[in-house]
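Visitor: Each chain, written out:
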Amino acid sequence: AQTVTQSQPEMSVQEAETVTLSCTYDTSESDYYLFWYKQPPSRQMILVIRQEAYKQQNATENRFSVNFQKAAKSFSLKISDSQLGDAAMYFCARNYGGSQGNLIFGKGTKLSVKP
Amino acid sequence: NAGVTQTPKFRILKIGQSMTLQCTQDMNHNYMYWYRQDPGMGLKLIYYSVGAGITDKGEVPNGYNVSRSTTEDFPLRLELAAPSQTSVYFCAIRQGGDNSPLHFGNGTRLTVT
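Here the protein sequences line up with chains B and P, keeping their order. When we follow the numbering used here, the leftmost residue of the first sequence carries the number 1, and every step to the right adds one. When we follow the numbering used here, the leftmost residue of the second sequence carries the number 1, and every step to the right adds one.
Honestly, the hints are just simulated from the structure, not real lab data. Be careful, since some hints might not be right.
To be verified - With a cut-off of at most 16 Å between alpha-carbon atoms, the simulated EDC-like pairs for lysine to aspartate or glutamate come out as follows: (1) B:Lys107 to P:Asp38; (2) B:Lys78 to B:Glu29; (3) B:Lys110 to P:Asp38; (4) B:Lys70 to B:Glu29; (5) B:Lys73 to B:Glu17; (6) B:Lys70 to B:Glu52.
As the list claims (entries may be wrong) - Footprint (simulated), chain P over chain B, 3 or more residues, beta carbon under 8 Å: (7) 17 to 23; (8) 47 to 53; (9) 91 to 98; (10) 103 to 114.
For each residue, glycine too, the CB sits at the ideal point set by N, CA and C.
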């Protein structure tokens with residue numbers, strides 16, 4: 001079965017601190033993509049960052065970075081210098097179905113940011 | 001939201017009623033998707049389309065139908081609404097080649113009572 005697992009239903013971080021959200025996945029493919037999406041209360045799905053499985057270098061987008069461990073099938077998201085606007089649901093996702101580009105999502109982690 | 005427009009934003013249906021959720025894109029992309037998000041859960045794929053005239057089932061297609069007569073429009077049809085279809089529905093497009101990220105519309109919140 002193809003699954004994406006986010007083991008932390010909720011996380012909390014102090015403003016300006018760093019937090020790491022965990023994600024593990026299952027796949028038999030060697031080439032795939034991984035994504036983190038942010039969903040604020042407005043419910044809009046916003047792409048945060050993506051990682052190509054064949055690239056060993058971890059992706060970085062400003063304050064957001066990933067720790068991609070291919071052998072362990074782990075894909076965690078690190079948010080540095082957390083801001084109040086980072087408070088949201090965060091979803092990890094993996095593509096499947098080859099060129100169809102379908103995504104399978106985890107259940108999400110709710111991140112709270114304390115001032 | 002990358003030019004993906006969903007209507008309506010909210011809707012309440014009675015059991016057994018039918019409705020169509022509209023999704024329109026203005027960027028001429030071939031790949032379009034319908035997902036549902038149940039409370040406290042991630043998104044699950046209902047149907048997808050790789051181009052006009054071509055549709056295929058996703059993970060949870062039962063109770064839904066789709067059509068893709070034009071590149072721009074990808075409507076989702078509920079024929080006999082059931083409480084289990086209470087959810088937030090997202091339409092998405094893929095903007096680039098294989099493995100490009102999906103870009104989502106703002107969603108439709110549907111309640112079936």
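Visitor: Output the indices of the hints that this structure fails to meet, ascending.
Guide: 2, 5 and 7
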